[in-house]
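Student: Let's have the full structure, built from the sequences with the hints guiding it.
Protein chains in written order, with the working numbering: chain A, 73 to 184; chain B, 32 to 145.
Among the hints, a few may not be true.
To be verified - Pairs of lysine to any residue residues, derived as SDA-like cross-links and limited to a Cα-Cα distance of at most 25 Å, are as follows: (1) B:Lys71 - A:Gly81; (2) A:Lys114 - B:Asn88; (3) A:Lys114 - B:His41; (4) A:Lys114 - B:Val91; (5) B:Lys133 - A:Ser154; (6) A:Lys114 - B:Asp116; (7) B:Lys133 - A:Asn127; (8) A:Lys114 - B:Met77; (9) A:Lys128 - B:Gln129; (10) B:Lys69 - A:Leu118; (11) B:Lys133 - A:Ser100; (12) B:Lys72 - B:Gln113; (13) B:Lys71 - A:Val85; (14) B:Lys71 - A:Asp155; (15) A:Lys142 - A:Pro80; (16) B:Lys72 - A:Ala101; (17) A:Lys114 - A:Pro184; (18) B:Lys40 - B:Gln129; (19) A:Lys114 - B:Phe95; (20) B:Lys53 - B:Ser143; (21) B:Lys71 - B:Gln129; (22) B:Lys72 - A:Ser84; (23) A:Lys139 - A:Gln103; (24) A:Lys171 - B:Glu89; (25) B:Lys72 - A:Asp155; (26) A:Lys114 - B:Cys99; (27) B:Lys69 - A:Pro184; (28) B:Lys71 - A:Leu118; (29) A:Lys142 - A:Gly81; (30) B:Lys53 - B:Val43; (31) B:Lys72 - A:Arg179; (32) B:Lys71 - B:Glu115; (33) A:Lys171 - B:Ala118.
Unchecked claim - Below, a sample of chain B positions facing chain A; criterion: calculated Cβ distance under 8 Å: (34) Lys72; (35) Pro74; (36) Phe135; (37) Phe136; (38) Gly137; (39) Gly139.
Rather than coming from a laboratory, the hints here were simulated on the basis of the structure.
All C-beta atoms, glycine included, are put in the ideal place defined by N, C-alpha and C.
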Amino acid sequence: QKEVEQDPGPLSVPEGAIVSLNCTYSNSAFQYFMWYRQYSRKGPELLMYTYSSGNKEDGRFTAQVDKSSKYISLFIRDSQPSDSATYLCAMESNFGNEKLTFGTGTRLTIIP
Amino acid sequence: DTEVTQTPKHLVMGMTNKKSLKCEQHMGHRAMYWYKQKAKKPPELMFVYSYEKLSINESVPSRFSPECPNSSLLNLHLHALQPEDSALYLCASSLTGQGDEKLFFGSGTQLSVL
Numbered sequence: 073q074k075e076v077e078q079d080p081g082p083l084s085v086p087e088g089a090i091v092s093l094n095c096t097y098s099n100s101a102f103q104y105f106m107w108y109r110q111y112s113r114k115g116p117e118l119l120m121y122t123y124s125s126g127n128k129e130d131g132r133f134t135a136q137v138d139k140s141s142k143y144i145s146l147f148i149r150d151s152q153p154s155d156s157a158t159y160l161c162a163m164e165s166n167f168g169n170e171k172l173t174f175g176t177g178t179r180l181t182i183i184p
Numbered sequence: 032d033t034e035v036t037q038t039p040k041h042l043v044m045g046m047t048n049k050k051s052l053k054c055e056q057h058m059g060h061r062a063m064y065w066y067k068q069k070a071k072k073p074p075e076l077m078f079v080y081s082y083e084k085l086s087i088n089e090s091v092p093s094r095f096s097p098e099c100p101n102s103s104l105l106n107l108h109l110h111a112l113q114p115e116d117s118a119l120y121l122c123a124s125s126l127t128g129q130g131d132e133k134l135f136f137g138s139g140t141q142l143s144v145l
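Tutor: In C-alpha cells form, the structure reads like this:
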C-alpha cells in the first residue's frame with residue numbers, strides 16, 4: 073500500500089462547477105498537509121498549506137483535513153479554465169529533516 | 032522576490048556529455064532541493080542541502096553530482112547520463128529544511144538524453 077493515495081483522473085468538469093479532489097494516507101505521523109498545482113511543463117506551485125485537522129479557505133479554494141479518517145480534500149468553487157492543471161497533495165511529519173510525500177497527482181480539465 | 036530560478040529551461044545532451052543545471056533563490060532560504068519528475072508522476076526527491084551541507088541523498092547514481100556553492104545557489108552536475116534519465120528536473124527551496132515548511136519550486140529544466 074502506498075503511503076499516499078490519490079485518484080489520478082483525468083477529471084473533466086464544466087466551467088463554474090465545484091471540484092473536489094481527494095487524498096488518503098496511511099501514516100498517522102503526518103501533520104502538515106499541502107496542495108500543489110502544476111501546469112504542464114512547469115514546477116509545482118503551493119496552493120494551500122494546513123496543519124493538523126480542520127478547514128482552511130483561500131478565495132475559491134478550501135482545504136479540509138480529517139486526521140481521524142486520514143483523508144484530505146481540496147475544493148475549488150466556481151471553477152475556471154485556468155484551473156486546468158495537475159493537483160498534487162503532499163504531506164509531512166513534524167520529526168524534522170523528513171521529506172515531503174507526494175500523491176500521484178490528479179489531472180483536472182475545466183471545460184469552457 | 033519569491034522566485035526560484037532554474038537554467039537552462041531545456042537541455043538536450045548525449046550520453047558522453049557533461050552539463051550542469053543551475054538554480055538560484057534570493058528568499059534567504061537555507062534549504063535547497065533537487066527533485067526529478069517523470070511524465071505523469073509526482074516529483075521524486077534526489078538531494079537536500081541544509082545550510083550548504085548535503086543532508087539527504089536518496090541513493091542517486093553518481094552520474095548526478097550536486098553542489099551548493101552558497102546559500103543562494105544550487106547546481107546539479109551531469110555526466111554519462113542514460114536515456115532513462117530524461118525527465119523534468121526541479122529545484123526547490125524552503126526556510127531551513129527542518130520540516131513543516133513550505134517548498135517553493137522553480138519551473139524546472141526539461142532534460143532529454145539521447
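Student: Of all the hints given earlier, name the ones this structure violates by number, lowest first.
Tutor: Hints 18, 21, 27 are the ones this structure does not satisfy, whereas the remaining hints hold.
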